[in-house]
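Enquirer: Kindly generate the complete structure, drawing on both the sequences and the hints.
For the sequence shown, position 13 (counting from the first letter as 1) is numbered 20 according to the working numbering, and the numbering increases by one without interruption.
Please note that a few of the clues may not be correct.
In the EDC-like style, the derived pairs of lysine to aspartate or glutamate whose C-alpha atoms are separated by at most 20 Å in a straight line are [what the hints assert, rightly or not]:
| id | residue 1 | residue 2 |
| --- | --- | --- |
| 1 | LYS99 | ASP64 |
| 2 | LYS69 | ASP121 |
| 3 | LYS78 | GLU24 |
Since the hints were made in silico from the structure, they are not lab data.
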Amino acid sequence: YSLRYVEKIFLPDKEVETKEITYDQKNLIMTRGNFKRKILPNTQDPLSAIFYLRTQDFDISKSFSINTITKEENYGININVIKKSDGIFLLKSTVERQDKTRQVGTFYFWITDDLRRLPILIKGWTKAGLITARLVEIR
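Expert: Okay, structure coming up:
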């Protein structure tokens, strides 16, 4: 689970924006500056959620959940292993607010079936539109 998350946002002709969040997993509180919010047990930040996902057992038709927080809101990510083909697992996840009032996105993950469990492609649909992340190089 997450203890600290730092995000730097670089935009043209703008000053770099840094967002730092600390997670008190024992007391279930996240802090960003002076803002505090209650979190769920074992809450992951967006990046650590992907690393956590890589440690899971990807049996076909298996499902599991990850608690995360972004924009100071608690979300549940429900993940289903859809299929395995040519050494790649396809996972589908739905993201919904913790209070279950709204589903906020659907994401698909293509992850290698080897010891490294590399996420080679991620596609997601959110209210902002399509998000695509593709692994282009390994160093």
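Enquirer: The structure should be examined with respect to each hint, and the outcome stated for every one.
Expert: These are the hints, each one checked on the structure:
The straight-line distance between the Cα atoms of LYS99 and ASP64 is roughly 14 Å, inside the 20 Å bound, and the hint therefore holds. With a CA separation close to 18 Å, the supplied pair LYS69 and ASP121 stays within the 20 Å bound. A C-alpha spacing of about 14 Å is found between LYS78 and GLU24, which places the hinted pair at or below 20 Å, so the restraint holds.
The structure meets every hint from the earlier list without exception.
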